[in-house]
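> Keeping the supplied structure of chain A fixed, place chains B, C and D upon it in accordance with the hints.
Residue numbers (the UniProt record's numbering), protein chains in the order written: chain A, 1 to 272; chain B, 1 to 272; chain C, 1 to 272; chain D, 1 to 272.
Hints were generated in silico from the structure; no laboratory data involved. Glycine included, every Cβ here is placed at the ideal spot set by N, Cα and C. One thing to keep in mind: the hints can contain errors.
Facing chain A, a subset of chain B residues (Cβ under 8 Å, in silico) [unchecked claim]:
| # | residue |
| --- | --- |
| 1 | Gln138 |
| 2 | Pro213 |
| 3 | Val241 |
As a plain string of letters, each chain reads:
Number of protein chains: 4
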Amino acid sequence: MPEYPTALGASSRHTITLLGQDLANDVMGHVGFGELAFWLATQRRPTPHETRVFEAVLAALADHGFTPTAIVTRLTYLSAPDSVQGALAAGLLGGGSRFLGVTEDCGRFLHDVVVNAEALPTDDEGWDALARETVTAQREAKKLIPGLGHHVHKDGDPRTPRLFAIAAEEGLYGPHLSLFAAIGRVHPEILGKRLPLNGAGVCGAALADLGLPLELLRGFALLARTAGLIGQLAEELRHPVANDVFLSVDLNNRSVAPPIDELKSYGGSHHG
Amino acid sequence: MPEYPTALGASSRHTITLLGQDLANDVMGHVGFGELAFWLATQRRPTPHETRVFEAVLAALADHGFTPTAIVTRLTYLSAPDSVQGALAAGLLGGGSRFLGVTEDCGRFLHDVVVNAEALPTDDEGWDALARETVTAQREAKKLIPGLGHHVHKDGDPRTPRLFAIAAEEGLYGPHLSLFAAIGRVHPEILGKRLPLNGAGVCGAALADLGLPLELLRGFALLARTAGLIGQLAEELRHPVANDVFLSVDLNNRSVAPPIDELKSYGGSHHG
Amino acid sequence: MPEYPTALGASSRHTITLLGQDLANDVMGHVGFGELAFWLATQRRPTPHETRVFEAVLAALADHGFTPTAIVTRLTYLSAPDSVQGALAAGLLGGGSRFLGVTEDCGRFLHDVVVNAEALPTDDEGWDALARETVTAQREAKKLIPGLGHHVHKDGDPRTPRLFAIAAEEGLYGPHLSLFAAIGRVHPEILGKRLPLNGAGVCGAALADLGLPLELLRGFALLARTAGLIGQLAEELRHPVANDVFLSVDLNNRSVAPPIDELKSYGGSHHG
Amino acid sequence: MPEYPTALGASSRHTITLLGQDLANDVMGHVGFGELAFWLATQRRPTPHETRVFEAVLAALADHGFTPTAIVTRLTYLSAPDSVQGALAAGLLGGGSRFLGVTEDCGRFLHDVVVNAEALPTDDEGWDALARETVTAQREAKKLIPGLGHHVHKDGDPRTPRLFAIAAEEGLYGPHLSLFAAIGRVHPEILGKRLPLNGAGVCGAALADLGLPLELLRGFALLARTAGLIGQLAEELRHPVANDVFLSVDLNNRSVAPPIDELKSYGGSHHG
Numbered sequence: 001m002p003e004y005p006t007a008l009g010a011s012s013r014h015t016i017t018l019l020g021q022d023l024a025n026d027v028m029g030h031v032g033f034g035e036l037a038f039w040l041a042t043q044r045r046p047t048p049h050e051t052r053v054f055e056a057v058l059a060a061l062a063d064h065g066f067t068p069t070a071i072v073t074r075l076t077y078l079s080a081p082d083s084v085q086g087a088l089a090a091g092l093l094g095g096g097s098r099f100l101g102v103t104e105d106c107g108r109f110l111h112d113v114v115v116n117a118e119a120l121p122t123d124d125e126g127w128d129a130l131a132r133e134t135v136t137a138q139r140e141a142k143k144l145i146p147g148l149g150h151h152v153h154k155d156g157d158p159r160t161p162r163l164f165a166i167a168a169e170e171g172l173y174g175p176h177l178s179l180f181a182a183i184g185r186v187h188p189e190i191l192g193k194r195l196p197l198n199g200a201g202v203c204g205a206a207l208a209d210l211g212l213p214l215e216l217l218r219g220f221a222l223l224a225r226t227a228g229l230i231g232q233l234a235e236e237l238r239h240p241v242a243n244d245v246f247l248s249v250d251l252n253n254r255s256v257a258p259p260i261d262e263l264k265s266y267g268g269s270h271h272g
Numbered sequence: 001m002p003e004y005p006t007a008l009g010a011s012s013r014h015t016i017t018l019l020g021q022d023l024a025n026d027v028m029g030h031v032g033f034g035e036l037a038f039w040l041a042t043q044r045r046p047t048p049h050e051t052r053v054f055e056a057v058l059a060a061l062a063d064h065g066f067t068p069t070a071i072v073t074r075l076t077y078l079s080a081p082d083s084v085q086g087a088l089a090a091g092l093l094g095g096g097s098r099f100l101g102v103t104e105d106c107g108r109f110l111h112d113v114v115v116n117a118e119a120l121p122t123d124d125e126g127w128d129a130l131a132r133e134t135v136t137a138q139r140e141a142k143k144l145i146p147g148l149g150h151h152v153h154k155d156g157d158p159r160t161p162r163l164f165a166i167a168a169e170e171g172l173y174g175p176h177l178s179l180f181a182a183i184g185r186v187h188p189e190i191l192g193k194r195l196p197l198n199g200a201g202v203c204g205a206a207l208a209d210l211g212l213p214l215e216l217l218r219g220f221a222l223l224a225r226t227a228g229l230i231g232q233l234a235e236e237l238r239h240p241v242a243n244d245v246f247l248s249v250d251l252n253n254r255s256v257a258p259p260i261d262e263l264k265s266y267g268g269s270h271h272g
Numbered sequence: 001m002p003e004y005p006t007a008l009g010a011s012s013r014h015t016i017t018l019l020g021q022d023l024a025n026d027v028m029g030h031v032g033f034g035e036l037a038f039w040l041a042t043q044r045r046p047t048p049h050e051t052r053v054f055e056a057v058l059a060a061l062a063d064h065g066f067t068p069t070a071i072v073t074r075l076t077y078l079s080a081p082d083s084v085q086g087a088l089a090a091g092l093l094g095g096g097s098r099f100l101g102v103t104e105d106c107g108r109f110l111h112d113v114v115v116n117a118e119a120l121p122t123d124d125e126g127w128d129a130l131a132r133e134t135v136t137a138q139r140e141a142k143k144l145i146p147g148l149g150h151h152v153h154k155d156g157d158p159r160t161p162r163l164f165a166i167a168a169e170e171g172l173y174g175p176h177l178s179l180f181a182a183i184g185r186v187h188p189e190i191l192g193k194r195l196p197l198n199g200a201g202v203c204g205a206a207l208a209d210l211g212l213p214l215e216l217l218r219g220f221a222l223l224a225r226t227a228g229l230i231g232q233l234a235e236e237l238r239h240p241v242a243n244d245v246f247l248s249v250d251l252n253n254r255s256v257a258p259p260i261d262e263l264k265s266y267g268g269s270h271h272g
Numbered sequence: 001m002p003e004y005p006t007a008l009g010a011s012s013r014h015t016i017t018l019l020g021q022d023l024a025n026d027v028m029g030h031v032g033f034g035e036l037a038f039w040l041a042t043q044r045r046p047t048p049h050e051t052r053v054f055e056a057v058l059a060a061l062a063d064h065g066f067t068p069t070a071i072v073t074r075l076t077y078l079s080a081p082d083s084v085q086g087a088l089a090a091g092l093l094g095g096g097s098r099f100l101g102v103t104e105d106c107g108r109f110l111h112d113v114v115v116n117a118e119a120l121p122t123d124d125e126g127w128d129a130l131a132r133e134t135v136t137a138q139r140e141a142k143k144l145i146p147g148l149g150h151h152v153h154k155d156g157d158p159r160t161p162r163l164f165a166i167a168a169e170e171g172l173y174g175p176h177l178s179l180f181a182a183i184g185r186v187h188p189e190i191l192g193k194r195l196p197l198n199g200a201g202v203c204g205a206a207l208a209d210l211g212l213p214l215e216l217l218r219g220f221a222l223l224a225r226t227a228g229l230i231g232q233l234a235e236e237l238r239h240p241v242a243n244d245v246f247l248s249v250d251l252n253n254r255s256v257a258p259p260i261d262e263l264k265s266y267g268g269s270h271h272g
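Chain A on its own, in the form it takes in the complex:
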């Protein structure tokens, strides 16, 4: 009979523990929600400094208005108002490679460089040299730098300098943020144009500097977004727009005869 060890929630007739703590007396009323989320993910209680940076990241990622995830949650609630869990889950399912993935991609990308560096730089000049190497290598491999560029904030994403500043204030400006900042300084000389360091990217760098598991960086973006999607549902309850969205698509459908265009890939292209 297998056993399933866990350090998370456990209960007996008279006690409930969470992370080895007495839930009622030592967690409830004492531990903030951001702090708890960090603790659950790392099994280590964060310092107030770490909590402040972590919660700043969650704020940066919570809601970006009518993103596909927000529209999806509202449409799903329109269609299945009996299931709040379904509406939230549907919205989270859009949290993949394209819209929420930059945070994770950027954290992983920076981490790969950091762990493979022979020695970490100790000053800006050193970070700039490492960043030059990194950007040059990506360019030669014809790959993009995760976290660089933004389709709206072309002159700079307001979240980026703010998160650098908060991390510095809290003594948590570590190697990932250092490398990301250096990429921001040196990339124009290599790429021939200046791109902004975007907010999703700096969040990935900050989460990596907090020592959070890289495999779950997307998970923290999803946690932030869950709060945002609840906000979207609450606003939909106050002032519904999902039916208008639905009708704006349905009433502008144009029925055409099949096949509508060619399939881009077609396994059978070699037939006959």
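Showing chains B, C and D alone in chain A's frame:
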């Protein structure tokens, strides 16, 4: 062309606002994550008192060990490790009527009584009278009282007195908690047995006293659980158990000939 | 150690069985997909007559153009193209009470009447009498009749007479369809207006006459819709529209100051 | 105002079309469900030969007993019985890279070889030569061959020869199946051991030979699995096991102090 008004996230080339605030300067670094989630759901910034009660509720609901939702998230990650969003979404889909629904059911139940009362009681005696009426009516309708009873914590759920105490400390012990407490006092004389007020129920009462939208009480339980499920995934990365869970079921399957038992309901029972 | 009996799939080193059959030799190549889905749900192989009615229902429910579920699947794929399973799951989550629920609601409604009738009618006159009772009772309870009315097909839903005809051809015009047809005949004299019997409703009646489990009628609608959503994804690959849908919402957002309208329900209304 | 072209479902007051056909008269009662799913995905009506191969693939993939996806659907239904759509969606979310991905991976892998071949072989000898090249290249790149190997059916997967035979009977044994068969013949001389061609792999090869879009091969596996998961839910209604599964895990939890093992990756490893 329809327009879609929103007070949540918005951005232009140089600015990002959230809830009408400057996201970078006035939210990041200043607003905790629990506080922000409350603000997003109500479009009103909570007081520190409200935030403390709200975060105590989230802590109470974040993780209860190997619940079906936790097992589901781990199994889905085992099966599709390429999609963290899918593993979290799958876990949240278990947040329905049975396992996470008590919070919502209890909040709604208490609220129905509170809004239909001619005048709200002003002392314990008055609340006891209203609670007696309420419990008697449910009993006559052969309905259960949401939030009453627990299959493990038969002598009392440790979270319940703690949340009452925190709400009282913060001046947020409102009508829903008052009625719930009174139900706890009077039900034995009507039902003939003493049942504990459970933690999920008191959380619903506290959330209703915070003025959160009743339609979304389940949503807050799901937000708390998202943090818990990230903890489950992080632990699965450290010490995987999902494959053992899977094998413990698959290796103990017993193949039988169909049909395995009768269908409980069968539309065709009147055929022939 | 618990054991888990099942009559579905099972395998050993040299064999694979499904529903007690040799999967490779007796199912593959011999059993159509609709037939198999019926068999899996009932653990009884359907007759060709039953299969034809069942597949007609699935065809009726597979795709209705740019429904919320279709839009959701396309938007989720736009946002997370790495996860086809997420895009399909998100679309299915809209299959709740409002858009796909009529099939289940109608099947259950008819079944309640049928199983509670003292004796089932044997001719149209008898069914009309039972239908009059049923419609009158619903009207007095101020409840709607599931399956009656359609916002587009006001003069009649083309699927309805067709499914009645197919069921009759196959000898599967049972009590649920009989009652539904009678409701179509008698309701104008009671409600004072003529409403069409809609396609989702007649599908529920036909599935109930097939003896399928009422708890899962929504499941068959979801199975049909899965095929439709794959069609939506395939078309999105050929001719993408999801980004235009997203932009049509995002570019027409109107940022307003919070709070945007009052919350419809507000637990805290009794505060202070 | 954007327009959204579609060749799928469309309706007006008196008509409903699907794929340019009159849904009621020309699809319902005439088109089987497997045939319809193929048509929806390709916008081309399959021949009866193609339908038979396609439905054989769906049968092969519909249900494999107590897989993680099946367990997840049952546990989610236990936890949220109010939402059949949630239980099915949760199960499908396990249809990712590990458990259902082989079909897609194998189809794509074979297709890459086929489209990059200068000329396609015309006899077994030619296919064997191409297969030798392919297996050698994978081996040198230290990559696995998708579709090769099975942890249970070590002497051969019964579905594999059967699907080859059905495709041959229907005249649909195309380049993907030819290459896959050749890989089965030649790999032992290169890898030094004989592995079975597994069922998921041969399904991918057959779907590719049917000319279905490679991006959606996983989608067809998910369609098949939807039918299987409805079967799992129907069986759970007849003979529930999910609560026993849950308890078998929960009762065998072993509460340990955090941290439970080290995180495998840890962004902060360079701190300090």
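> Take the hints in turn and mark each one as holding or not.
Status of the hints after comparison with the structure:
1. The restraint placing glutamine 138/B at the interface with chain A is violated, with a minimum CB-CB distance near 23 Å, outside the 8 Å limit.
2. With its C-beta approaching chain A no nearer than about 6 Å, proline 213/B sits inside the 8 Å limit, and its interface hint holds.
3. Restraint check, valine 241/B versus chain A: the minimum CB separation of about 5 Å is within 8 Å; hint holds.
This entry does not satisfy hint 1, going by the numbered hints stated previously; all others are met.
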